[in-house]
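Colleague: Protein chains in written order, with our numbering: chain A, 1 to 287; chain B, 1 to 287; chain C, 1 to 287; chain D, 1 to 287.
Hints should not be assumed to be uniformly reliable.
Which copy? The list can't say, so a pair holds if one copy fits it or any two copies do.
[What the hints assert, rightly or not] Think about it this way: if two alpha-carbon atoms lie no more than 25 angstroms apart in a straight line, the pair counts; the simulated BS3-like pairs of lysine-lysine are:
#1 K140 / K86
#2 K85 / K2
#3 K139 / K198
#4 K155 / K21
#5 K110 / K76
#6 K198 / K2
#7 K198 / K156
#8 K193 / K286
#9 K140 / K193
#10 K144 / K110
#11 K216 / K155
#12 K270 / K286
#13 K139 / K193
#14 K2 / K155
#15 K21 / K110
#16 K198 / K140
#17 K286 / K45
#18 K270 / K193
#19 K103 / K193
#20 K269 / K286
#21 K124 / K216
Just so you know, these hints were derived from the structure itself, not from any lab.
Protein chains: 4
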Amino acid sequence: MKITFIGLGIMGSRMAANLLKNGADITVYNRSKTPVNILVKKGAKTAASINAAVENADIVFSMISTPEAVAQVFLKESGALSAMKKNAIWADCSTVNPSFSLKQKAAADKAGIRFLDAPVAGTKPHAENAELVFFVGGKKSVLKEVEPYLNFMGKKIMYVGGAGKGASFKMLVNIMLAQSMIIFSEAILLGEKMGMEKDFLLNVIPGLVVAAPFTKFKSEMLRSGNYEVQFPLEWMHKDLHLAAVTAYELGQPLYLANIAKEIFAGANKKGLGRLDFAAVHRYLEKG
Amino acid sequence: MKITFIGLGIMGSRMAANLLKNGADITVYNRSKTPVNILVKKGAKTAASINAAVENADIVFSMISTPEAVAQVFLKESGALSAMKKNAIWADCSTVNPSFSLKQKAAADKAGIRFLDAPVAGTKPHAENAELVFFVGGKKSVLKEVEPYLNFMGKKIMYVGGAGKGASFKMLVNIMLAQSMIIFSEAILLGEKMGMEKDFLLNVIPGLVVAAPFTKFKSEMLRSGNYEVQFPLEWMHKDLHLAAVTAYELGQPLYLANIAKEIFAGANKKGLGRLDFAAVHRYLEKG
Amino acid sequence: MKITFIGLGIMGSRMAANLLKNGADITVYNRSKTPVNILVKKGAKTAASINAAVENADIVFSMISTPEAVAQVFLKESGALSAMKKNAIWADCSTVNPSFSLKQKAAADKAGIRFLDAPVAGTKPHAENAELVFFVGGKKSVLKEVEPYLNFMGKKIMYVGGAGKGASFKMLVNIMLAQSMIIFSEAILLGEKMGMEKDFLLNVIPGLVVAAPFTKFKSEMLRSGNYEVQFPLEWMHKDLHLAAVTAYELGQPLYLANIAKEIFAGANKKGLGRLDFAAVHRYLEKG
Amino acid sequence: MKITFIGLGIMGSRMAANLLKNGADITVYNRSKTPVNILVKKGAKTAASINAAVENADIVFSMISTPEAVAQVFLKESGALSAMKKNAIWADCSTVNPSFSLKQKAAADKAGIRFLDAPVAGTKPHAENAELVFFVGGKKSVLKEVEPYLNFMGKKIMYVGGAGKGASFKMLVNIMLAQSMIIFSEAILLGEKMGMEKDFLLNVIPGLVVAAPFTKFKSEMLRSGNYEVQFPLEWMHKDLHLAAVTAYELGQPLYLANIAKEIFAGANKKGLGRLDFAAVHRYLEKG
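Next comes chain A alone, as it looks inside the complex (with noise of 0.2 angstroms):
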């Protein structure tokens, strides 16, 4: 099976690298040209352009950072997917909306490309050791031909139903994640204020079972206020905004998600747009 693999950021360069180790026959491209030298020199092949790039692909992963760009990469006139093979996959790894997800579903079909959307859940520690969670929707005859090189970057592969349920999934995680993050972030600055060390506090209170579990994995930031980038505060900001349009669209009410939506914009405002999203403690902290 030729894969190709587009996009190639702080998660797409892992993801891809994964693939390479595990023997995958593999194209990759980005726009900007050092992550793919890198990955050349691994033994991947690369293309001029990315329609080159998927021409001749079986399965093309995509890893790109908005709607907007999977849009201007793939689904524009003479974009990447009117390039594709006919019959060929398309596993698109982005976070995006559900109704875009949808969009890229329908411009699939009309190409003659079978979808899969894909999102993942980690950051990129996980991205690094293949310890991704993929969230799956679209057809589970064209999951079974592209679970293994799933398997080869994540984990665990939750199938969630048909098309744009991926993208659907990954949106509800990513706004749990949002929110408790503030939560967390919340309860530690409360805590030092009544008197408790914060140390203690970010040893115990991760492994209550009123926090979610993936703060143990912040703690360090939150104790040395280095927030190098694992999730992008912006992308955070960003997904929360997707999932107040999709949360209006659908006429449910989202009280906490909309109000931690604003304190990333603040942050955001601030100039943590680039640091991990765990910098929201820094923006509750020093406003």
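Fit chains B, C and D to the supplied structure of chain A, relying on the hints for placement.
Modeller: Chains B, C and D alone, transformed into the frame defined by chain A:
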């Protein structure tokens, strides 16, 4: 050691029963007599008044619904505190705000009584199965004397610091509980609107690293719509209020916790206060 | 000058009637025919299709419920814009988001049509009595040609700036309207709980410098509980959504407006969407 | 009639000066002596202690910053209340929560003193120019005796109802003030991001029916960035807190007011507490 237990509600009656089961010499007291009689049948002693119930005790445990009620029973002139033996221990397991906890400490000091604030994490089944977690504030030496009895009632004792620190830590735990319950509920509701099965969501989400693990124990309530009380919604509303007051006193903004407080206020106004606090899901679903 | 008016809902039908009353040579069009027939009886012309209705017009006014509907009528291929005379004026009075307004401008430019965004402040009675306020974006010279007709429909024309600025300003007005309505309602409800008479509160508060003066015109609704629609609650929900999207695009946090959006979402979910937006009071009172 | 005025801060010093200007026989008292000396030079009397200041008074006015301070001065054992003549009148103009107001009433009854709660609307310039509005709770017959003196200090007296109702109404006024200030600020900030001139927005918005008219008097502050204190931001934070406590006690959810409370908490934490409350705009702008 002579033990007295004051306050035999949902939690207290089960905690006292566990002391009894482990062979403690225990006297119980409660305003309404039904839970007293049940424990007396099992071997507990009782007394004609609160003051008579505490006067010979080496350790008095209390588990009472609100700070106001604790003050009424223990702190008023000729209240239980005045009737206790000098140097006896009062371990209050009630959930109160930290500034009230310091008042208890001061009153106990004045009366020559050694005080611990020892609130618990856990609900009815944890009380039943001696699986509570105690958050203890006060002197370590005093805790040492009380520890064997706490172990009869719980599975873990966490020493947090000086007087009031148990109450402080419990407050953090409860506001995380309240907010996580709303986040979980809103995710389920949005997921359903997105076309995912409620059962699927209830099965999968509590196991993710983005969800507080206690949500596992609430999934069945959300599935069945049967919110049989473990921790009453109206008490959660009170705890959020006490946290908001404490945060105000300490100058710490709490955005999400204050909105959570208002959502619980709305649920309470709708008449859901005596159900389990997980019934906030019903409120978010049906208004 | 030949005038065409597209969209004869609550507002549009009254605006067109005022043009007619002042002697304008007017052609009207609406999907449902009842309001068309009423105006035709009073002397208006109509046409067999939207495109036929606009093709001879010097000025086309439109008053349509959502950006999507405006796009459907005017912007699609062979839509109304394509049928208009070169150099004619399209003055859109609909409430849309500013970024959509700029799309309208671009499409109009391409079609050789001069565009004004001219949304209004005011509700049914203001439309009825020609007491609307117009917020106008676009070229001043174009406004000059349209001004006499706007004066037939309103009492004040506020020139805000270039294209899209009318829509921008209208957005500010509407989010202030929505939030002030909630503040007013919550004050009335809290006042009643404090033991003050609802009538007293409804009489006195709207006259204070702390209350937005429009609340005077809503007091009777809150008194009687009869929320006969002037400005539908579901449209207010939409406007808050569009403002939230705009604020996201521009990187400006909006705390209160986003919570207001969710409260309107809740009211809408409860089935109050077709009542006047003042019915948010009923939602806040009864859930 | 012998009048005593206790509390000569920003507001109280100007109110006492207006009593003096109108020929009242007035004794003043304040902890710090500077404002006392200024009024004594203009003809006021003073006394060596609070109790000496009130002992001959027919009417005692007070204007004190917090309920705690009022309690400290008047309600403690051998406080000012105990030193007053039987049947004298205590008219408290301080802003307190309604439940504290009822405590004042009960303590006054016990001491044989007639009590009015008479908080004011207005800030420094209104106090200066005798343009305050009084919201009065208590007996009408008592108000009749006090009325001439209130008229020296204000332009309007609004009788709201029995004891505590003045305080209750004032609370409504202040939470509307706080929230409207945020709504206004957020509208200005969003407007600027949309490309409108700040000056244009500050000139036009306060005159619209959707804006609380008091915003006219804050526009200059927002323009210049000079938030010279008229009503301190930290007091507004306190008033929102007292309203939240009252709403909790009465079971009324207040969504927007609670978020407004947290925004003021953030502004206060940032060190803006001693500026005018309009400085919440600076906080929303710069964090």
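Colleague: Decide, hint by hint, whether the structure agrees.
Modeller: Okay, the hints, checked on the actual structure:
Within a single copy, K140 and K86 get their C-alpha atoms as close as 19 angstroms, which meets the 25 angstroms cut-off; across copies the closest is 54 angstroms, which misses it. In the homo-oligomer, the alpha carbons of K85 and K2 lie at most 25 angstroms apart inside one protomer (11 angstroms), although the nearest pairing across protomers, at 55 angstroms, exceeds that limit. Taking the shortest alpha-carbon separations for K139 and K198, only the inter-copy value of 21 angstroms comes in at or below 25 angstroms, while the best intra-copy value is 48 angstroms. Within a single copy, K155 and K21 get their C-alpha atoms as close as 15 angstroms, which meets the 25 angstroms cut-off; across copies the closest is 46 angstroms, which misses it.
For the identical chains of this complex, K110 and K76 are neighbours both inside a copy (13 angstroms) and across copies (21 angstroms), given an alpha-carbon limit of 25 angstroms. In this assembly of identical chains, K198 and K2 lie within 25 angstroms of each other by CA distance neither inside one copy nor across copies; the values are 51 angstroms within and 38 angstroms between. Taking the closest pair of Cα atoms, K198 and K156 come within 25 angstroms of each other only across two copies (21 angstroms); inside a single copy the shortest separation is 34 angstroms, beyond that limit. When the C-alpha separation of K193 and K286 is checked against a cutoff of 25 angstroms, the pair qualifies both within a copy, at 14 angstroms, and between copies, at 24 angstroms.
Taking identical chains as interchangeable, the C-alpha atoms of K140 and K193 lie at most 25 angstroms apart only when they sit on different chains, with a minimum of 22 angstroms there against 52 angstroms within one chain. For a Cα distance limit of 25 angstroms, the shortest separation of K144 from K110 inside one copy, 22 angstroms, qualifies, whereas the shortest one across copies, 49 angstroms, does not. For the identical chains of this complex, K216 and K155 are neighbours both inside a copy (19 angstroms) and across copies (22 angstroms), given an alpha-carbon limit of 25 angstroms. Within a single copy, K270 and K286 get their C-alpha atoms as close as 10 angstroms, and across copies as close as 8 angstroms, so both meet the 25 angstroms cut-off.
For a Cα distance limit of 25 angstroms, the shortest separation of K139 from K193 across copies, 21 angstroms, qualifies, whereas the shortest one inside one copy, 52 angstroms, does not. Taking the shortest Cα distances, K2 and K155 sit within 25 angstroms of each other inside one copy (22 angstroms), while across copies they are farther apart (55 angstroms). For the identical chains of this complex, K21 and K110 are neighbours neither inside a copy (34 angstroms) nor across copies (53 angstroms), given an alpha-carbon limit of 25 angstroms. For the identical chains of this complex, K198 and K140 are inter-copy neighbours only, at 20 angstroms across copies versus 47 angstroms inside a copy, given an alpha-carbon limit of 25 angstroms.
Proximity of K286 to K45 under the C-alpha cut-off of 25 angstroms is found in neither arrangement, the shortest distances being 47 angstroms within a copy and 48 angstroms between copies. Taking the shortest Cα distances, K270 and K193 sit within 25 angstroms of each other both inside one copy (24 angstroms) and across copies (15 angstroms). In the homo-oligomer, the alpha carbons of K103 and K193 lie at most 25 angstroms apart only across protomers (18 angstroms), although the nearest pairing inside one protomer, at 49 angstroms, exceeds that limit. Taking the shortest alpha-carbon separations for K269 and K286, both the intra-copy value of 14 angstroms and the inter-copy value of 9 angstroms come in at or below 25 angstroms.
In this assembly of identical chains, K124 and K216 lie within 25 angstroms of each other by CA distance solely inside one copy; the values are 15 angstroms within and 28 angstroms between copies.
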